[in-house]
Each structure stands twice: as structure tokens, then as C-alpha cells.
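Peer 1: We have chain A already, so just place chain B on it with the hints.
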Amino acid sequence: MNARDVVKVVFLAEAFAVTTYGLGWWSVPVVAAIWAIVSSSPVRARVAALCAAGGWATLLLLDMAKGPVLTMGTQLGAVMNLPSIVLYLLTLVFPALLAWTAATIVPSMRKTGTQPAT
Amino acid sequence: MQKGLAALLLAALMYAGFRSIGPVPPLGPILDPANGAWASAAATNFPARQFAKIPGLHDSVKVLFDDRGVPHIFASSELDAYRAMGYVHARDRLFQMEAQTRASTGRLTEWAGKRALEVDKESRAIGLAWGAERKLASYDKTSLGYKALEAYSDGVNAWISHMHPRDLPIEYRLLNARPIRWEPLNSMHFLSRMSLTLAMNDATMRRLRAQSLVGKAAADALFPVNSPIQQPIQPNASPKPRFDFAELPPPGPPDKSVAQSVDARERLLAALNLGKNSETRDAIGSNNWAVAPSRTAGGHAILAGDPHLDLTLPSVWYEAHIVVPGKVDAAGVGFPGMPMVVIGFNRDVAWTFTNTGSDVNDFYAESVDDKSHPSKYRVDGQWRPLEKRVEKYLDQKGGTIATDTLYFTHRGPMRREGGQWLSMRWTAYEKSREPDNYISLATSRSAEEWLEKMRDYVAPTQNGLVADRSGTIAIRSSGAYPIRPGDGRGDIIRDGSTSASDWLGVLPLEKYPSSKNPPQGFLASANQQPVDPLQNPSYMGSDWYSPWRAMRINKLLAENSRITPNDMRLFQTDPGSARADAFVPMFLAAVARADSAGNSDADLREAARLLGQWDRRYVRTNHRAILFETAMRELNRHTWDELIDAKDSTANADLPEEQALLELMSLPASEWWDDRRTPVHEDRDALVTQSLKTAYAKLKAEKGAPDSTGWLWSNNRHANIRHLLRLEPFSALDISVQGGPNTLSPSGGQGTQGSSWRMVVELGPEVRAWSIYPGGQSGAPASRRYTDRLSRWTLGELDEVLFPRTPADLPRSRITSTLTLTSR
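Residue numbers (my numbering), protein chains in the order written: chain A, 1 to 118; chain B, 1 to 824.
One chain only, chain A, in its complex shape (with noise of 0.2 Å):
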């Protein structure tokens, strides 16, 4: 991964986060699939899901700088039967699957393997 990658890497991490931030949780796969379409990298889905748990990792970090997310956690946890780090780790994992499936079932509009992996 050259320095180009990282700043895509990053670039789409924040796509991610600032979507997220101005339209809501569902603009994730929208954000993805755009993502595929541009970009021809044979592991752009896997790249789409790292970015988007990375957005919103980026963006839960913001709040736990700013309240209690600790403790809605521990509450939240216990009112849905779950330990508050299965609720962390959805946080996580769930933008990365929509991320992934999104990214997976758009077709490039580049052809694969003529642009270096990213």
C-alpha cells in the first residue's frame, strides 16, 4: 500500500464519517457503492468495510470524548440482554457488512486488474 492508498484509505474512512454525520447510518452502502464504482481495486468491498467501521470507530471516539457513551453502553447493553461490548462491536460491524455487500454487489465501472491494487 503506497502513500496514495493510505490518503484513499483515509479520504473514503471520512466519507464514511461525514455522511454518517449529515444524512444518517444509511448512507454507508450509498457511500459504498459509489466507492466501487470508482474504484477498480479487486478489494475494494473489503477496503469499503474497513473504511466504514473506521468512520464510525472515528466517530464513536468523538462521542466518548463527549458524554457518558460508557455508560449507555453498560444501560443499553442490559436493556437489550447484551453485554455493552456486543453493542460496541455491532457499532463496527454492522456499517462494515453494509459497506462490504453494497461494494460487493455494485460492477465496477473500471475493469479489475489494469489499475494497481489498492
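Don't take each hint at face value.
Claimed, not checked - List of simulated lysine to any residue pairs, SDA-like, C-alpha gap at most 25 Å: (1) LYS3(B) with ALA33(A); (2) LYS3(B) with ASN81(A); (3) LYS66(A) with ARG68(B); (4) LYS66(A) with THR820(B); (5) LYS66(A) with ALA6(B); (6) LYS388(B) with THR403(B); (7) LYS371(B) with GLN420(B); (8) LYS3(B) with PRO107(A); (9) LYS8(A) with LYS388(B); (10) LYS66(A) with TYR172(B); (11) LYS114(B) with PRO179(B); (12) LYS397(B) with GLY24(A); (13) LYS114(B) with ASN81(A); (14) LYS3(B) with VAL93(A); (15) LYS3(B) with VAL43(A); (16) LYS3(B) with ARG46(A); (17) LYS66(A) with LEU790(B); (18) LYS698(B) with PRO585(B); (19) LYS53(B) with PRO325(B).
As the list claims (entries may be wrong) - Stretches of chain B that chain A covers, calculated by requiring three or more beta carbons in the stretch to come under 8 Å of a beta carbon on chain A: (20) 37-50; (21) 148-154; (22) 728-738.
As the list claims (entries may be wrong) - Short derived list, chain A residues pointing at chain B, Cβ under 7 Å: (23) PHE11; (24) GLY24; (25) GLY67; (26) VAL69; (27) MET72; (28) GLN75; (29) LEU76.
Rather than coming from a laboratory, the hints here were simulated on the basis of the structure. Yeah, the Cβ is synthetic: ideal placement off N, Cα and C, and Gly gets one too.
Peer 2: Using the frame of chain A, we list chain B on its own:
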């Protein structure tokens, strides 16, 4: 293949993100870290500076939140202040406000589906929504009260319209619901709901049930109209309680003639949710008292308020301070959903309430044209059309899950029970102007003026206590007291076919129980019978609580002629008990007599020794209160065995108030003492000693040795403060508290009711006040302000209330957040 699986998974994820799956709420709005539950947790910490818009504001409003989370609202007009109040209520308590409205209007199915159907049916059948709509329709739309409700709605809706998705309370996410728009009617619904909460148990029912088991003479004596112990709210010139004990007739033969009436009325009350509304009758009672300057250390009047209600999280109360220069400068608590300070103080006056518990609802047996589907009812030989309302119950998706037809006569809602159509008239349905009454209190400049503003108050009847800076203390049991025809009693089912059964009017103000600056130098109320029947025989009810709390506070106040605000605070959680003072010596005397007669044994003597060690104070560290309570339970169960269902001895029986038991103590050979379920014939001493001995044996078996932790009071009584949705993680459970049944801070039953707000106000040159309630200002369970007052409440401590005249008077170090509200 992979694409197909991915498409399926994506569809499933999107579905789970948007829709509930069984009990699991939609995952998207929960997990979304920018707008979901995590973000809402982050949003509970308000920024230091905020700006918001409320359409309709005439001028900007500054709201300073102090370090207790209390908003100090500085506005240039009253209506602007109420707009701001709506905004901050919604910001802190939106879910609670809507939950109360839905509970009152029977619309909980729209959140919970069929699970809430029966609760909703009860709410609608009692006509709460119907009554609120009628009241609002007849309300003077030009009055300040109505305009305040409108302004308040503007504020609530401004918050709803502009709030960020992250501000949506967690409960809405769990229910997959969105907030409804607020209307003035919702505030009226809340008032109706409060009237229901404060509707006392039905003494008629208990008396009739007893009559069906032991005959009329005994039932009337066990459930008398007047309290056998008189220490009324309106002082009767007797410094001590007067015991009006009458001869208690022995149990007579069952009166089967009332069985059907009992059955019909019982089912009606159950259906209308007007039956036993209190886990222990006493726990939802309240206290208030005021001391004149002549009996205080500082030479200023001091007032204490202590309403006991359902303990919930968030609290039923919200604390606020409103300043409109030249008009209002009042602080205290109000209900989220209402724009006023209900209990509080201003620069001149402090006020508080307890429930009067008068009989303000009656039942009428109606004659209808069709037993199954009536359309008319007959009065004075003429058929009158019934008002019908077809009620639809909707589910979460708006689908109809049930319909119901409600009928109303001119008296109120009518319902068929036991083959009989019964209608109910209740003062809470009558035309009134409570919002104006409550709002105007904050502008009173003297106790006299305050009383004047309560002159036309209707429901629920309240013992309003007021003190002012000139040193005046006064109390009046305000509200509409119906005048009935005939004997004037309201505890019978009346014939609905004649208008002669209808109310003749309401008692004139001069007949209300009241007192101003009594010679004794203090006033106190604790839900006891408000006026001595020897002084005022007007029928006001027949369901008076035992006056144990009243006796205790009167004793404390009489014993201390240099009372301080701190004394008042200590009185509020005083662990002493007039009930224990009355009964413990009787247990010990009975054991002594049994000992002298050679009827005791080692266990009984040991039980008496342990009970004798008790100082009759329900403190957490005590090991003996539990013995007394268990013995009292045994004594009640065995004494009143005639009133307990022989087929189901575990069923909750409606036993007489313990005043009757005290009365019976002077009749050692009364037939009541015999427990008919045993082969021997017991007298008083036999039953009393047996109860103590049994209690001791049970406690040893269940809780271990008398000095073990099992006997600790703190391990036996708790406060349980449940979240509105009864979600345990959002509740505060098993809180050890000081106090027992019938102490000033009662702890009874399941511990879900109790002292909901404690306030002490000293009316010196500068008014000083202290207060607390169990919970916190925020309705968000994750917020630190959700339960930040709880530990101090548990310890009986109070916070000093900040009461700045201007924003500049509030110390900067105490300001945590500033909210500026503008119209544009």
C-alpha cells in the same frame, strides 16, 4: 453467487436498520454514532453556550443553568418565560411529557401495541381525555392561563422542530417512535392524570365489602365517616389528638343484600382504575407544615413541603426559576407538561400542597333504553340522548387493533358492570381554571393574596399551605366539595333516574377547612381529616388516612419553640412513629400480663425483650423495627380474620385503618379478638402475644439471629424508583432509606412511592430555600443529571436553592450552561 449473497445480506441489514425485528428496535438509529444512541449520550452534556429560536418570542430570553441543572429563566414577559419553560422542559424531559399524555389519553398502544390495550381501555373508560377536552373547550381563551399553555406549546414544539437527531431521547429509539407535536390539550391531559393519581381509595367499597361479611353496624364502626383520632388540619384548640373511640360492635352476621352492590361497584372501580391505587395507603400521602415567627429561632416564618407521589425516573417534578421583572420572580417545581411553578416560593411567599383526599366522585345507577346498546338514559321520566364516543386503538403502524364505544351522561362516563349501568360524576370533569390558579400563585405578594388566588380552584382538592415574609402562616383545603342531596353522603350509589340525586352545588368557601395564624404558632397537614367534625360537620369524605404522620409532626413542632430550617429538614425524614408509640407499649403490656398470669414462655419473653430494646425509630441500622412490623402484620391478619376471604387467605383484604385496632385494644374481651380459624377462643392478650411470638419465630427462621444483618431495617425496606417504561437498567432499585410505614417519610410496601420533593423555605428579609427530589433534572438515563440528587435525597439532605434576581447575581462559578432564545 457471492453477489447474490451480498444482495441478500444488504437487504437484511437495511431491513434491520430501518425496522424493528421482534423486540429488537431498528439498529440504524441505535448504532449510528453520529445521530444514534451513542451520540445522544454525548449530547447529554450541554455546551457552555447555546442559541435557539422559538417562533413567537417577543424578546430574547436568557436561560442560565446552574450546577444543579436548574434553569433560571430571565424573560421580559410572562408568555416568553412560559415559551422558554416549554423549551427547557422538552429538552430535558420530552419522552416523559409524551408518556404522561399517552397514559392519560389511552394511546399507549401506538407505542406498545396490544400489550398496552387494557391499560388504554381503562384510561379512556374513565373519561380522562373526554374530561380534558371538555375543560379546554370551555376554557377562557383570553385568560393568561390559556395563553400560557399556548406559549408553552410553542416552546415545546420549537425544541421538537429544531432538535438534532442525536437529541432524540433513547426511549423513542427503543420504541421506534417519533415525538408528537405538543398542544395545550396535552397539558390539560396531564392535569386530569394528576387528578386520578390523587383520587383516594374508595371507602365506600371497603365499608360495603365489610358489611357483606360482618353486617352493617360493625362495618360502619370499622370504616367510620370521621376519623376516630382527631388532630385535624384546621386546629381544633386541643393541643393533643382527641380519641373519639366509640364502642366497636362485635362482628355480626353477613349482609348478603349488599353483595351484588359490592360486586358491581368493585368491578366498576377496578375497570376505572379507581380502586386500590396505592400499594400502601400511606405512602402516597404528603406532608406540609409551617411555623410562625414566634416559634422559630430566626424570628421568620418557615415552611416545609413534602409531597409524596409515585417515585419515578425521571422524577415527576422539574425544578425551575422564572424571572419576569416587575411581574414574576418565583422558583420551585412544576410538572413537565405544565408551564407553572406548582410548589415553590417567590420573594414574599412560599407555598406547598398535600392531598385532601375528599370524596369528590359519585356513582349513579342509570336507566337506559337498551341494556346492550343504549342510546338514551332516563331522568325524571324523560329520555335523554347519551353522548357516544367510538374509540379506536391504533398500533405502532397506525392500524386499528380494537374499537370501543364509550357512553356519557350529563354526569360523566357510564359503564356497564354486573348488569347495571353506572355513571360517574367527578369534580375533575367540571369546568375549572386550574392553569390560571397555579400560574397566578407565583405572583402573590402575601399569604392573603395567595389564598384569594385559590378561591375558585376545583380539582384535585388540595391542602394549600402558605407562609409570607410578614410572618403570616395559613392553610386551606381548597377545591370543589360537592353538596349532595339527602344525607349529603357521597359514599352510596345514587338513583340516576331522578335529577333529585344530582349535586346541589359546592360548599361555599367559608366552609372549607382553613386556618390562619393559629395561637399554637404552627400548621401541619398530612392527609388527615381536615376539620374536626365537631367544628364543621359538613360531609367532605370518609376515607381519611390514619393520622399517625400528623400526630408525629404536631408533636415535633409543639416540642420545639426555636425551630430552624435545619430542624425542618430533619423533621422531613424523622424516623419516629406515632403508630409505634401507640402500639409497642401495648405489646409489652400484654406480655407482662401474660407473664404475671403464667401464660408466657421463653420465646415470648425474648420477643418482648427484643421489642423493648427498640427506640421506635426506623433508622437503617435498627434491628428491631422489623420485629414490630411483622408482629403488626400478624396482629392485623388474625384480628380481622372475619374480613379476610376464607377461601383465599393470601388475597389482599381491605382491612380497617389501624385506628380501629387501637380502638379495639381497650376492649380486651371483644369478639373481634377471636381468630375463628383456630380451635381456641382468643382474647386480646392471647392474640397480641401470639402475634409477637409468631413474628419472632418467623423472623428467626427467615432472617436468622436477631442481631444478624437479616434483621437490619436497611435490608428490609427499600425505595425502588422505576423508569417510566419500567426498564431496570434505567431505574434505581433497592435504595436503603430511613423511615417506615407511617413515618413522616414513609417507606412502605414495594417502595415505589414516597417523598417526591422536599423543600424548606425561610421567609426572612431575603428568602432562603433548600430542596431536593429523588432523581435529577435530566430525563436522559445516561446523563449525570439523571440521578445526581439521589444520594443526597437518600440521606435526607437538601441543596441550597439559588435564587438570583438578575443574571448577574448568579455566581459565574455556579453557571454550567447559558441558553439564549430568540424569535429569529
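Peer 1: The structure should be examined with respect to each hint, and the outcome stated for every one.
Peer 2: Now for the hints, and whether the structure bears them out:
no.	hint	result
1	LYS3(B) with ALA33(A)	holds (13 Å)
2	LYS3(B) with ASN81(A)	violated (33 Å)
3	LYS66(A) with ARG68(B)	holds (20 Å)
4	LYS66(A) with THR820(B)	holds (22 Å)
5	LYS66(A) with ALA6(B)	violated (36 Å)
6	LYS388(B) with THR403(B)	holds (13 Å)
7	LYS371(B) with GLN420(B)	holds (8 Å)
8	LYS3(B) with PRO107(A)	holds (10 Å)
9	LYS8(A) with LYS388(B)	violated (68 Å)
10	LYS66(A) with TYR172(B)	holds (22 Å)
11	LYS114(B) with PRO179(B)	holds (20 Å)
12	LYS397(B) with GLY24(A)	holds (22 Å)
13	LYS114(B) with ASN81(A)	holds (23 Å)
14	LYS3(B) with VAL93(A)	holds (19 Å)
15	LYS3(B) with VAL43(A)	holds (14 Å)
16	LYS3(B) with ARG46(A)	holds (14 Å)
17	LYS66(A) with LEU790(B)	holds (24 Å)
18	LYS698(B) with PRO585(B)	holds (21 Å)
19	LYS53(B) with PRO325(B)	holds (22 Å)
20	37-50	holds (count 9)
21	148-154	violated (count 0)
22	728-738	holds (count 3)
23	PHE11	violated (18 Å)
24	GLY24	holds (6 Å)
25	GLY67	holds (4 Å)
26	VAL69	holds (5 Å)
27	MET72	holds (4 Å)
28	GLN75	holds (4 Å)
29	LEU76	holds (6 Å)
Going through the hint list in order, the structure does not satisfy hints 2, 5, 9, 21 and 23.
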